[in-house]
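Peer 1: Residue strings, one per chain:
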Amino acid sequence: MNKLLFFAHLKDEAGKESITIDAAGKNVAELKAFVAEQHGMTKLDSAMTAINEEFAEDSDIIQEGDTIAFIPPVSGG
Amino acid sequence: MNKLLFFAHLKDEAGKESITIDAAGKNVAELKAFVAEQHGMTKLDSAMTAINEEFAEDSDIIQEGDTIAFIPPVSGG
Amino acid sequence: MTERYSRQTLFPPIGQAGQEKIGMKHVLMIGAGALGSGNAEVMVRAGVGKLTIVDRDYIEESNLQRQQLYTEEDVYEKLPKAAAAEKRLRAINSNVTIRAVIADATPDLLDELVQDVDLILDSTDNFETRMAINDISQKHHIPWIYGACVGSFGMSLTIIPGKTPCLHCLLKKIPIQGMTCDTGGIIAPAVQMVIAHQAAEALKILVEDWDAVRTTFTSFDLWRNQYTNIKITKAKDEGCLSCGEARTYPFLQNENLMKTTVLCGRDTVQVRPPTKQNLDLSHLSKQMQLLGYPMKGNPYLLSVDMESQRIVIFNDGRALIHGTKDLAQAKAIYNRLLG
Amino acid sequence: MTERYSRQTLFPPIGQAGQEKIGMKHVLMIGAGALGSGNAEVMVRAGVGKLTIVDRDYIEESNLQRQQLYTEEDVYEKLPKAAAAEKRLRAINSNVTIRAVIADATPDLLDELVQDVDLILDSTDNFETRMAINDISQKHHIPWIYGACVGSFGMSLTIIPGKTPCLHCLLKKIPIQGMTCDTGGIIAPAVQMVIAHQAAEALKILVEDWDAVRTTFTSFDLWRNQYTNIKITKAKDEGCLSCGEARTYPFLQNENLMKTTVLCGRDTVQVRPPTKQNLDLSHLSKQMQLLGYPMKGNPYLLSVDMESQRIVIFNDGRALIHGTKDLAQAKAIYNRLLG
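Going line by line, the protein sequences match chains G, H, F and Z.
Oh and the first sequence: position 22 is 22 in the numbering used here, straight run, nothing missing.
With positions in the second sequence counted from 1, the corresponding number in the numbering used here is that position plus 1000.
With positions in the third sequence counted from 1, the corresponding number in the numbering used here is that position plus 2000.
With positions in the fourth sequence counted from 1, the corresponding number in the numbering used here is that position plus 3000.
One or more hints might be untrue.
Which chain F residues face chain G? A few, computed with CB under 7 Å, are given here [what the hints assert, rightly or not]:
#, residue
1, GLY2031
2, LEU2035
3, ALA2103
4, ASP2104
5, THR2124
6, PHE2153
7, CYS2181
8, GLN2226
9, ASN2278
10, ASP2280
11, SER2282
12, GLY2339
Label pairs and their in silico Cβ distance ranges [to be verified]:
#, chain 1, residue 1, chain 2, residue 2, range
13, Z, GLY3297, F, THR2215, 38 to 44 Å
14, G, GLY25, F, LYS2296, 56 to 62 Å
15, Z, THR3233, F, ALA2328, 36 to 42 Å
16, F, ALA2328, Z, GLU3112, 28 to 34 Å
Worth flagging that the hints you see were computed from the coordinates, not collected in a lab.
Values in this document were obtained by computation on a predicted structure and should not be read as measured data.
Glycine included, each C-beta is placed from N, C-alpha and C at the ideal position.
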């Protein structure tokens, strides 16, 4: 299984801070599309993604047990 | 084995951010006394101690695999 | 003035040698809003040699809740932020050379200002300018520090050309979020937390303590009690057009900039983002509702009445700003609403 | 003044309802130094109803590097910090009722000031005052927020009587560290980071968003890139003399306070900590050396020449402050050197 963490306003959109699903085998882009659809999230595709606290590309494959964090870049200042 | 983390100026006194020793079976007070002597540290006894990111008392016993952090309370402001 | 910096020279990683280095450095600050006023104050109190501060905006009442250099009097006088910042910073430390530039931080202006600069501090409110800063940083080999915040959330990243990935490596395209301080709100502690990270990194760079420089992307949410550091070393992309081998500095090129045009014979400016967007207008309209502006919409556009302007936003990201002929003002309004 | 707070009411956990609550609350700030000036500025910009700010000190040149309300002019005028803070805070937000109290925050004074207070913000520089704040908080059932920093290191903890452990549960005795901003130095970003945490917690408490309040002890080091949150729930001690069932509020009692006495016929004050210490004088002398003060010592005592005072520190923690008859000044000097 995989733990998915939602940061900042993604947490509000997802309705909770984390969910646990089986994402092994999917790449990051596929996982984003899947989660966005399942949870009606509109802002996930522009989020930065980290696998086990390391920056991940869209093509990186999720392994069993990985923790995935979604962090939305913001522009305010 | 146990990982010991030193925060702030304790890191400078210890000469490194972390060390790994076998501390299982010792309580916190014994561990502090042992490390203070081994590494010539003068300020360890007033440090707060956390075992696995949870506050620990002097009498708490270290288990195999526990991570112990020493955090010096400071008064500046 | 050694007494002045005594608590900073007592800090071993700075010391007397570090203080002398700080006093010889020139920092370029882009933006004099929340992050800009706070970062500028730390740099000036720390005794940086020279600070250049660039901002196109003037002070409004809604700035006072978080923009620490400004007072009620500055609002009444409608002072430009860069000018008001300069005035206060001089009263804080008369030893620092301060230059206020009241202008839009376009790529051309950045290219001109950056000549003898040691560090660029990002305190802007939009990704278009940040991507231009990122290209300028690579082109002139000058470190820069990204910082941003919305709500109780914020982030920071230190970019050292030739050493770390750049912002373009991490963000392949400019995100248009529809989530800025003007739509999602902002609390001052989130601003302070970003400043803490940016200013600490700035001091490390000014004293040339390169080993201490943070190599992770930091983000946090103070209300939700979240904090994380992401390793980014492997994000460095040799094909990156900003920092890779075949670099073109795309965000310094005209065709990739936001286009602003005064519409002929009308008191209206058209703003067009560099690439077509697919905005979620229903989400945007909810945010505008929270702001309390009168608003109408249909599936193709959203029309918002602000004080003296009406803004019509299309779902491809294009907008018409009615009630102005000022290109910089129109772009500022656009960035405030759409980031 | 709704426009003034618009970016804060747009933040959903505050909103219009939260803003109205903030406007009705009274915050007591102990200390107007680095943390005090920064925390006070956030509270006043956020629109708190009333702020009482207590400080015994006046502004010196070495404060300017990190104490954000003060200017060079305040140094020339040698203004008391509380008075200078009040002046600047009024210029920032004339809607907030500000009361400056120029006095030593003794237990008696705290007991008097705390009457209609909703929150106490700790911005002091010593553990003696913090432990008194902790007892006052329990006695009157008022939340308080601990914050402290030295060098690039800092920490914060939110204490809610009846709900969380108190500071006395965590620190069984008052640590005397010989490590204060006057000996270990301090950089402004560490101050800002503590303020970010304290002020965010303060806003949560003022809007009564109790679920959002942080339940961990936060500490960080910005130069060493460290950050940690420690769970403290199980530290609550039913036998604690400050918050337990048989509480005595020991730090409000005279015999547990630092003793200051003017020595008969001499321009000298003796300062004696409540319990005997075992100071590492050789370590202390190294720190004094860094400060550049002329100094002599032997295994029993250390003698330090500051500007117009000579301080003799014994290894049991007792000190003689020569060159003053002012008890509060002597205590302030002692706390600055020994925390």
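Peer 1: Quick check on the hint: F/ASP2104 CB to chain G CB, less than 7 Å?
Peer 2: 15 Å, violated
Peer 1: Min Cβ distance, F/GLN2226 to chain G: is it shorter than 7 Å?
Peer 2: 6 Å, holds
Peer 1: Does the interface hint hold: is F/GLY2031 within less than 7 Å of chain G, judged Cβ to Cβ?
Peer 2: Constraint on F/GLY2031 satisfied, holds at 6 Å.
Peer 1: With a cut-off of 7 Å, does the beta carbon of F/SER2282 approach a beta carbon of chain G closely enough for the hint to hold?
Peer 2: Violated: closest Cβ of chain G sits about 9 Å from F/SER2282, beyond 7 Å.
Peer 1: Per the hint of 36 to 42 Å, is the separation of the Cβ atoms of Z/THR3233 and F/ALA2328 within bounds?
Peer 2: 53 Å, violated
Peer 1: A closest beta-carbon separation below 7 Å is what the hint needs, so does F/CYS2181 meet it against chain G?
Peer 2: With a minimum Cβ separation of about 4 Å from chain G (threshold 7 Å), the hint on F/CYS2181 holds.
Peer 1: May I ask you to test the interface hint for F/ASN2278 with respect to chain G, counting a Cβ-Cβ separation under 7 Å as satisfied?
Peer 2: 10 Å, violated
Peer 1: Does F/PHE2153 meet its interface restraint, that is, does its C-beta lie within less than 7 Å of any C-beta in chain G?
Peer 2: 4 Å, holds
Peer 1: Quick check: does the Cβ-Cβ distance between Z/GLY3297 and F/THR2215 fall within 38 to 44 Å?
Peer 2: The hinted range 38 to 44 Å holds for Z/GLY3297 and F/THR2215, with Cβ atoms some 42 Å apart.
Peer 1: The hint names F/ALA2103 as touching chain G; please verify it with the least Cβ-Cβ distance against 7 Å.
Peer 2: 17 Å, violated
Peer 1: Confirm or reject the claim that F/ALA2328 and Z/GLU3112 have a C-beta distance inside 28 to 34 Å.
Peer 2: For Z/GLU3112 against F/ALA2328, whose Cβ atoms are near 54 Å apart, the range 28 to 34 Å is violated.
Peer 1: Quick one, is the F/ASP2280 hint okay against chain G at 7 Å, beta carbons?
Peer 2: Status holds, d = 5 Å.
In summary, the structure is inconsistent with hints 3, 4, 9, 11, 14, 15 and 16 from the numbered list given earlier, while agreeing with the others.
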